[in-house]
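Engineer: Listed below, chain by chain, are the residues.
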Amino acid sequence: MTVANTVEGASVTARKTGFRHVVTSIRGDGWASAGIITIAVFILAAIFAPLLTAIPGQNPYTYHLGLLDDSGAPKGWGGGISATHWFGVEPLTGRDLFAIVVYGARTSLLVGVSATILSVLIGVLVGITTGFFGGWYDRVMSRVVDVMFGFPVLVFLIALTAIVPSSIPRPLFMIVVIGLFGWPAISRVVRGQVLSLRERNFVVASTAMGARPGHVLFTQVLPNVTATIIVYATIMVPSMIGFEAALSFLGVGVPPPTPSWGRTIGDAVGWVQTSPMYLVFPGLALLLITLAFNVFGDGLRDALDPKAVRR
Amino acid sequence: MRMLRFILFRLLGMVIVLLVVATVSYAIFYLLPTNPAQLSCGKPCTPENLQRAKEFMGTASPWWQQLWNFLTGIVAGRSFGSGDAAIVCSAPCFGYSFQQNASVTELILSRFPVTASIAGGAAVLWLITGVAGGVISALRRGSALDRGVMTVAIAGVSTPSYLVGLLAILLFGFTLQWLPTGGYVPLTEDPGQWFLHLILPWCTLAFISAAIYARLTRGQMIEVMGEDYIRTARAKGLREPRVVVTHGLRNALIPVVTIFGLDLGALLGGTVIAEKVFSMQGLGAMLIDAVHSLDLQLVVGFTLFAAFLIVFANFVVDLVYGFVDPRVKVGA
Chain R
20 MTVANTVEGA SVTARKTGFR HVVTSIRGDG WASAGIITIA VFILAAIFAP LLTAIPGQNP
80 YTYHLGLLDD SGAPKGWGGG ISATHWFGVE PLTGRDLFAI VVYGARTSLL VGVSATILSV
140 LIGVLVGITT GFFGGWYDRV MSRVVDVMFG FPVLVFLIAL TAIVPSSIPR PLFMIVVIGL
200 FGWPAISRVV RGQVLSLRER NFVVASTAMG ARPGHVLFTQ VLPNVTATII VYATIMVPSM
260 IGFEAALSFL GVGVPPPTPS WGRTIGDAVG WVQTSPMYLV FPGLALLLIT LAFNVFGDGL
320 RDALDPKAVR R
Chain U
125 MRMLRFILFR LLGMVIVLLV VATVSYAIFY LLPTNPAQLS CGKPCTPENL QRAKEFMGTA
185 SPWWQQLWNF LTGIVAGRSF GSGDAAIVCS APCFGYSFQQ NASVTELILS RFPVTASIAG
245 GAAVLWLITG VAGGVISALR RGSALDRGVM TVAIAGVSTP SYLVGLLAIL LFGFTLQWLP
305 TGGYVPLTED PGQWFLHLIL PWCTLAFISA AIYARLTRGQ MIEVMGEDYI RTARAKGLRE
365 PRVVVTHGLR NALIPVVTIF GLDLGALLGG TVIAEKVFSM QGLGAMLIDA VHSLDLQLVV
425 GFTLFAAFLI VFANFVVDLV YGFVDPRVKV GA
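Protein chains in written order, with the numbering used here: chain R, 20 to 330; chain U, 125 to 456.
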């Protein structure tokens, strides 16, 4: 008992936590800093999309057929890049590609972040309850997680788009289905942490003092897995963005004319040879945001991982 | 005997999982307000016609009855309608596409070679290059190859496969003109062209995964090579290749096999994307077309087929696991 107490006591003083520590640690990590700056730029661009596209005076919906040649390809260098069309224009329609990419950030981030939140909520709830209560409930849910892990999720998501009633807005539907399939990974990680937390003295003490399971779970256990949850949530965002982009790429995601990077990349398939810039700009945007979330997530893990600090 | 019991036990588990998956999927697809009979009823759609269409398709009965018909259809086949107009769907029947007038099984079989060619080749390529790259990186830590593989692995996690594929088409297809940019040639028709057309899809799908597997194998290999039994193997005079392969690699491969089983579902998804990038008419293209034309029987039938395929593949991986891992005592 004494030994355990000193170990826990020592770790509390030695382990730096809190917001300030995380900020210092991220600042010292070049990649993570670049990641969070990129994320911030994309979020700002998404929020201020109307203002940003107002600078060159564009929007993602107006056709500029005069900028296209007879085959429908944009005239001029780099897919019609000019002072007013910073990324050129879209083949066949002549819509401004810069506006499409900027507004596409709204779709990607909205679906990616919302689906992550939904997944995290389900995953954490399943994870802490299975880890804490155990028993047959844990065994059944673990089996469900096992099966869902190896599941052809993309095939299922595509199939589900066939039956969605048109009265439900497509982005909302995508958030829900992507979110509903994304929770197993985080639930398994959280469960693992809760399994070891359950045996810790403060949790045992709390239960022994007669605290109800709900109280123990949410005030004793949950705060101790928050760091893990934050790291996993950050790393999950890009895969959720990827699912939205993949579905839109395949033509079963966000319907036109709502801008979506995935759909634009999908449309660009037929223009790779004649107008490669049509692929490059939305592709680069998707790549950058995914990479940014991944490196920032890695940095967060280094900053928050108690093991890394203790060693 | 123990082996047999092990296989039977796993088989039973697989059947239970399949039943649950089928029930849940069926419930989702049929509880949502969609009506295949309505779609095929035509205009003007009189209530009598609608009822007849429903009865013919078998969607007039409650959903659990439909599920039961579906499941027995897989095992024993089934028929739609009655009398002369009846359509027979022989086992294994995954439903009947009334739009295309063909059983889902036939439709799947006609497209299967395309998808199997893409997925199979990609999986072989990524396993071989991934594991080989990982072993070499682990044995030559810090070398140029080691650093290169690790960089690709980190960048690869963030790169969608269709971007890689489209850039590969642009570079090797249009600019260098080394390889065809798309389309599929059946193996039976022209093996050489079959291979040429599949190089880009294989490399596209394998590129990222291979790097991730290399990273995984490298980590495992480094850990395993530090174990006592490796020192023992060397001490008793075994030659280095034998130490690396039979004592090191065999143990390092165990988690790789696990991850590979889990990645099979993602491989199927990746194939759907590759088919669109390289304009191949495989199962993925079939599914997308079915979604667009609201061919629900085909969508549901194929989805369940895909789920069954993956669950079955995982069962096989589970069995392989028993052979690869010397510590897994079958029956335990």
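Calculated directly from the structure, the hints in this document are not laboratory data.
Please note: incorrect hints may appear among the correct ones.
What the hints assert, rightly or not - Some, not all, of what chain U presents toward chain R, calculated at C-beta under 10 Å:
| no. | residue |
| --- | --- |
| 1 | Ile131 |
| 2 | Leu135 |
| 3 | Leu136 |
| 4 | Gly137 |
| 5 | Ile152 |
| 6 | Phe153 |
| 7 | Pro284 |
| 8 | Val424 |
| 9 | Phe426 |
Claimed, not checked - Per label pair, the in silico range of CB-to-CB distance:
| no. | chain 1 | residue 1 | chain 2 | residue 2 | range |
| --- | --- | --- | --- | --- | --- |
| 10 | R | Gly97 | U | Arg355 | 27 to 35 Å |
| 11 | U | Gln190 | R | Ile56 | 32 to 40 Å |
| 12 | U | Leu263 | R | Ala73 | 53 to 61 Å |
| 13 | R | Gly49 | U | Ala268 | 54 to 62 Å |
| 14 | R | Ser185 | U | Gln190 | 46 to 54 Å |
These figures come from a predicted structure and were not determined experimentally.
The beta-carbon is built from N, C-alpha and C at its ideal position, and this holds for glycine as well.
Engineer: Holds or violated: is the Cβ of Ile152 (chain U) closer than 10 Å to a Cβ in chain R?
Structural biologist: Constraint on Ile152 (chain U) satisfied, holds at 7 Å.
Engineer: Just to be careful: measuring from the Cβ of Leu135 (chain U) to every Cβ in chain R, is the smallest value less than 10 Å?
Structural biologist: Violated, about 16 Å.
Engineer: Does the CB of Phe153 (chain U) sit less than 10 Å away from some CB of chain R?
Structural biologist: Hint on Phe153 (chain U): holds, closest Cβ of chain R at ~6 Å, below 10 Å.
Engineer: Could you check if Gly137 (chain U) really has its C-beta closer than 10 Å to a C-beta on chain R?
Structural biologist: This interface hint holds because 9 Å falls under the 10 Å limit.
Engineer: Hint check: is the beta carbon of Phe426 (chain U) less than 10 Å from a beta carbon of chain R?
Structural biologist: With a closest approach of 7 Å, the Phe426 (chain U) hint holds.
Engineer: Val424 (chain U) was flagged as interface toward chain R. Is the shortest Cβ-Cβ separation under 10 Å?
Structural biologist: 7 Å, holds
Engineer: Does the interface hint hold: is Leu136 (chain U) within less than 10 Å of chain R, judged Cβ to Cβ?
Structural biologist: 13 Å, violated
Engineer: Does the beta carbon distance between Ser185 (chain R) and Gln190 (chain U) stay inside 46 to 54 Å, or does it fall outside?
Structural biologist: 24 Å, violated
Engineer: Look at the Cβ atoms of Gln190 (chain U) and Ile56 (chain R) and judge whether their distance stays inside 32 to 40 Å.
Structural biologist: Hint violated: Cβ distance 54 Å, outside 32 to 40 Å.
Engineer: Against chain R, run the beta carbon of Ile131 (chain U) and see if the smallest gap drops under 10 Å.
Structural biologist: 19 Å, violated
Engineer: Are Gly97 (chain R) and Arg355 (chain U) spaced within 27 to 35 Å by their CB atoms?
Structural biologist: Check failed, 60 Å falls outside 27 to 35 Å.
Engineer: Taking the CB of Leu263 (chain U) and the CB of Ala73 (chain R), does the distance hold inside 53 to 61 Å?
Structural biologist: Holds, at about 58 Å.
Of the hints listed earlier, those the structure fails to meet are numbers 1, 2, 3, 10, 11, 13 and 14, in rising order.
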